[in-house]
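Enquirer: Chain by chain, the residues run as shown.
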Amino acid sequence: MLFELLTAKYPGMRLWLTQRLCALSMVAGLLLFCMRVLWLAPHDYAGWVAVFAPWWWRLLSVWFFICMLLHAWLGVRDVLRDYVPHLGIRVVLQWVVNLAVCGNALAVVWILFAMKF
Amino acid sequence: MRFSIYRFNPDVDKKPYMQDYDIALEDSDQMLLDALMRVKALDDTLSMRKSCREGVCGSDAMNINGKNGLACITKLEDLQEPVVLRPMPGLPVIRDLVVDMTQFFEHYNSVMPYLQNHESPPETERLQSPEDRAKLDGLYECILCGACTTSCPSFWWNPDKFVGPAGLLQAYRFIADSRDQEQEARLENLEDPYRLYRCHNIMNCTDVCPKKLNPNAAIAAIKDLKIENVKAHKQDAPGKKIFGIKVL
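Protein sequence lines, in the order shown, are assigned to chains A and B.
In terms of this note's numbering, the first sequence opens at residue 1 and continues consecutively.
In terms of this note's numbering, the second sequence opens at residue 1 and continues consecutively.
Just chain A, same shape as in the assembly (with noise of 0.2 Å):
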């Protein structure tokens, strides 16, 4: 059911619903997050190494900076397409959006993937 809200028969509710579904990742994400510092506790470089070491934990870390990235996304499409009546200037700053959106998820795939631990 959940899935077929995501396609483009309902366009949108998608959007809606994919924007809040992030939200709620996000929240668990968090919540996690916090938890697990409050379990590991760590008080230097290498406890914080600690803490996103696990192959697991770095995924998932991947997925909640999606989750955000994709929910900012969306709010921006919606401030530009509401704010810049103009096409061309809006067409550039979109871009520039998205450019800005797959450089942070790559800088974060290659922080958590990348760094020795």
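Because the hints were derived from the structure by calculation, they are not lab data.
This list has only true hints and no planted wrong ones.
Derived EDC-like pairs (lysine to aspartate or glutamate); straight-line CA-CA distance at most 20 Å:
| # | chain 1 | residue 1 | chain 2 | residue 2 |
| --- | --- | --- | --- | --- |
| 1 | B | K231 | B | E188 |
| 2 | A | K9 | B | E228 |
| 3 | B | K67 | B | E54 |
| 4 | B | K223 | A | D78 |
| 5 | B | K223 | A | E4 |
| 6 | B | K211 | B | D78 |
| 7 | B | K231 | B | E191 |
| 8 | A | K9 | B | E188 |
| 9 | B | K40 | B | D29 |
| 10 | B | K231 | A | E4 |
| 11 | B | K67 | B | D34 |
| 12 | A | K9 | B | D192 |
| 13 | B | K135 | B | E125 |
| 14 | B | K40 | B | D22 |
| 15 | B | K212 | B | D137 |
| 16 | B | K161 | A | D78 |
| 17 | A | K9 | B | E184 |
| 18 | B | K161 | B | E106 |
| 19 | A | K9 | B | E191 |
| 20 | B | K135 | B | D180 |
| 21 | B | K161 | A | D82 |
| 22 | B | K212 | B | E54 |
| 23 | A | K9 | B | D224 |
| 24 | B | K223 | B | D137 |
Computed from a prediction, not measured in an experiment: that's the story for all the values here.
Use these hints to put chain B onto chain A, whose structure you have.
Expert: What follows is chain B alone, placed relative to chain A:
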């Protein structure tokens, strides 16, 4: 009391301007509309709408010190001087405080604001249980003054596409009506990415409503119903089964 009022006569003025008035009020002048009638007596070129003078018709909706409201139920003692009066934002100005509400009523008409029941009318009225009737409280009281819709930035930026809080409140008024038989078509009618989903819940509508209604809650209820509607369809559909268990 000092008033600063938006003036624009398209036949004479090249651009709008603010005109100041100093009005001597009498003890009987309690509401803003009373003061505006004094202004009107002083300067009969001022154009404005008014009718019932008791918050029922919604004609005298305007922007009062930056916030939309009805002049007839706005107390003068609550207003800071100079009282700045402008037409409702986001709609074309016809003259002074009078706006063209064609767009507003087009959106209102687009949600089919009338009962649709395909059964033959009964001898008496179509009955509802008290519980079903109670679902319409907070919805049917809307007077269509336009204060909510014209204080909504989503409507300012997409006046031709976003239905607006007043129209959506009216849409929900009929979606929630147990006597109506077109709930599904009404929900389908709001699927466009702009018509309903352009609401970002900033709640200006709820803040300014002179009847203390909550269009934002009605909009949220429509979104919930849309999900419920798809869920109900999915349960009715045959679906795919794996090991006898129905899956997505």
